[in-house]
Amino acid sequence: MKKIFSLITMIALSIALYAQGAKIANVNVKDINGKTVSTSSFNNDGKPYLLCFWATWCHPCLEELSAMAEVYDEWQKETGIKIYAISLDDTRTKGKVKPLVNSMEWEYEIFIDENADFKRAMGVNNPPHTFIIGGDGTILWQHTGYAEGDEENTIKKYIELSK
Amino acid sequence: MKRFFIFLIVCSCLSSFANAQGIIGGKVTGNFQTDIQASKEDSTIGAKKLDDKLRINSFANFIYTNGDFSAGVRFEGYLNPILGFDSQYEGAGVPYRFASYKKDFLEITLGNFYEQFGSGLIFRSYEERNLGIDNAMDGLRVSAKPIDGVVIKGVVGKQRYYWDDIWSTDNGLVRGLDAEIMLNDLISSFPSDYRLNIGGSFVSVYEKADNIFTTINGTQYRLNIPENIGAGAFRLNFSYKNFNLGAEYAQKGQDPNAVNNYIYRKGNAFFLTADYSIKGFALRFEGKRIDNMSFKSKRTSTGNMLNVNYLPAITKQHSYSLMSMYSYATQVNGEIGFQADVMYKIPKNTTLGGKYGTDVKLNYSYITALDREPIDNYILDQTGTEGYKSSFFKFGDEIYFSEINLEVNKKFSKDYKMNFMYSYQTFNPIAFGHAGNPMIYANIFVVDGTYKFSSHQSLKGEIQWLLTKQDYDEFAKGDWLQLGAEYNLNGKWFFALSDQWNYGTEQGDKVHYYNISVGCTQNTTRVSLSYGKQRQGILCIGGVCREVPASNGLFMTITSSF
Chain A
1 MKKIFSLITM
11 IALSIALYAQ
21 GAKIANVNVK
31 DINGKTVSTS
41 SFNNDGKPYL
51 LCFWATWCHP
61 CLEELSAMAE
71 VYDEWQKETG
81 IKIYAISLDD
91 TRTKGKVKPL
101 VNSMEWEYEI
111 FIDENADFKR
121 AMGVNNPPHT
131 FIIGGDGTIL
141 WQHTGYAEGD
151 EENTIKKYIE
161 LSK
Chain B
1 MKRFFIFLIV
11 CSCLSSFANA
21 QGIIGGKVTG
31 NFQTDIQASK
41 EDSTIGAKKL
51 DDKLRINSFA
61 NFIYTNGDFS
71 AGVRFEGYLN
81 PILGFDSQYE
91 GAGVPYRFAS
101 YKKDFLEITL
111 GNFYEQFGSG
121 LIFRSYEERN
131 LGIDNAMDGL
141 RVSAKPIDGV
151 VIKGVVGKQR
161 YYWDDIWSTD
171 NGLVRGLDAE
181 IMLNDLISSF
191 PSDYRLNIGG
201 SFVSVYEKAD
211 NIFTTINGTQ
221 YRLNIPENIG
231 AGAFRLNFSY
241 KNFNLGAEYA
251 QKGQDPNAVN
261 NYIYRKGNAF
271 FLTADYSIKG
281 FALRFEGKRI
291 DNMSFKSKRT
301 STGNMLNVNY
311 LPAITKQHSY
321 SLMSMYSYAT
331 QVNGEIGFQA
341 DVMYKIPKNT
351 TLGGKYGTDV
361 KLNYSYITAL
371 DREPIDNYIL
381 DQTGTEGYKS
391 SFFKFGDEIY
401 FSEINLEVNK
411 KFSKDYKMNF
421 MYSYQTFNPI
431 AFGHAGNPMI
441 YANIFVVDGT
451 YKFSSHQSLK
461 GEIQWLLTKQ
471 DYDEFAKGDW
481 LQLGAEYNLN
491 GKWFFALSDQ
501 WNYGTEQGDK
511 VHYYNISVGC
521 TQNTTRVSLS
531 YGKQRQGILC
541 IGGVCREVPA
551 SNGLFMTITS
561 SF
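Line by line, the protein sequences give chains A and B.
Counting with this note's numbering, you get residues 1 to 163 for the letters of the first sequence.
Counting with this note's numbering, you get residues 1 to 562 for the letters of the second sequence.
Everything labelled a hint here was simulated from the structure, so no lab data went into it.
Just so we're clear, the structure is a prediction, and the values are computed from it rather than from any experiment.
All the given hints hold, so there is nothing to weed out.
No more than 30 angstroms apart at the CA atoms, straight line, and that leaves these computed lysine-lysine pairs for BS3-like:
1. 82/A with 492/B
2. 47/A with 35/A
3. 156/A with 355/B
4. 82/A with 279/B
5. 241/B with 35/A
6. 241/B with 30/A
7. 82/A with 414/B
8. 103/B with 30/A
9. 77/A with 410/B
10. 103/B with 82/A
11. 157/A with 410/B
12. 492/B with 23/A
13. 355/B with 82/A
14. 452/B with 77/A
15. 103/B with 23/A
16. 157/A with 414/B
17. 355/B with 157/A
18. 279/B with 30/A
Go ahead and model the full structure; you've got the sequences and the hints to work with.
Given below as structure tokens:
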């Protein structure tokens, strides 16, 4: 009971004291060709960008990324947005990432977080999980799950936070 | 140790507070999840009476980051563990805490950590929370990038075992080294059309020898147990334009253990993947051979804990429940198989492609036992001997699993889309731990459609149908039909109804497993509540499975990130 109480206290304290402005975690992920890359190198020329955690076996993730792929070109022209899609596929399915991305004709920046280091560091529970990261690396907004039409809210939020 | 946790927690909270006041830097982030289950007795589905009315699993991560430094703790509580989790999880505490420093070319982690070498054939420390798997290391991890294109990692520590104070147990000490070279980055004149990465790793587990005896032909022998088990692996990844090739080979020294029946044969594993993809089209092949590769940090241990390596199943990972009813799990003592994928997007503005294009995916997988022969004068897998002989490239006669799967995703209009999936599966119950039972052959169909009324509302309908003649046990109960509907409002609320009907069985009642659920998402906080029946089955994620007993009642999940 004491432990539960201390957990509740910890959560309450963290939420109460949670200071806006946490930054994107600095860990290593792999690019689609297997090169180790630090997440601190993610950027969009000083503008905010989107960070989407997904996996080849996650249906809502594929729906979200497919929905955004249809309008990505338009979004880029209108807002200058850039999307980093971070795959959580491990050895079992990571070989599907590149073929799937190509066959779906996605134009995102694709990285693989094979042992979930980035996921853990960013406090992601389950994919899909979407972040808007500011030009200075600050976490501006995040959202979990995907329902039809969510991408419209995401771009609205992006435009609002880009101002 | 306790003081250390308290110190960390106080540090995190203080610095977070200080930061809010703008005094010093540092931020706290984290996430938590709570699962609450209340199940009542239901003899029709085999749900047992529980003495404890409520079962609760929860965890919360807190990570404090200040520049190059980070530290974190995870609280876990299983009071008591929800159905399907090992009862050894019962309890609460802080099993995971770390401090880490990362600067340019060097990263050092003290305490608990997760790490993977190559594809994990000889080392992977990871967690799969929903399956109750956590083999976090406790010790030291160093990762260095001495020059561009070279990454070297070293780890030493012991693995988590439920709530045991692992440093006071005899569990093995795990030590590992890994090096990876990315030639394109190392050699600036390397032709840019080609990409070549090579890597190698070595892992050793030290565990004191036990006294283990065996009787062969009436004579009792004491096994000469090796105290150091070594394993090495080599890998390469090559790509040229749209073509990729990856291979990894691993070998393990003599490791008599409870999983392989204490045989002395050396283990090995081979993993190969090749793919070719262009815009709108991809082809992929993957092959795998595993031979006596159970690698644990305690030789007497079986089950999902204390695994040093990771050997995933190379079969399609399903998310529809009837598609995954007969999920395959890797047979670590030996298997050989392959899978192939074709992915194609029928272009937009064609007859079949329609206005938005149509995605078609075809997958085939085939896995068998190894072709094995007994050693002269001994039975197969005789304890204390080499166990068996096996030719490397030959498939065994016993099929473990095979599947052909076709998936079509089609968007008909801005508001309406559908998915179709068909699968034919051949399943050997050995993957459920029921070797020797008849094979299961199943045809499975899935159709689901989503209709968007407006940008705020959508309705999803789903039909799943599994047809099989096999109806002989709890895990083979004939035909199933599942219907489901889900309504989404504002991307925040959902209401769902489903019924899984086991209409094709002669084993007991033709039960309806109905379920009603409602949920709400607010940014990163998600609360869902469901009521209904859950069938007994096997829940698999990433090719690793756990048994879930039948339940009838309430289930609530709360997740949040902050």
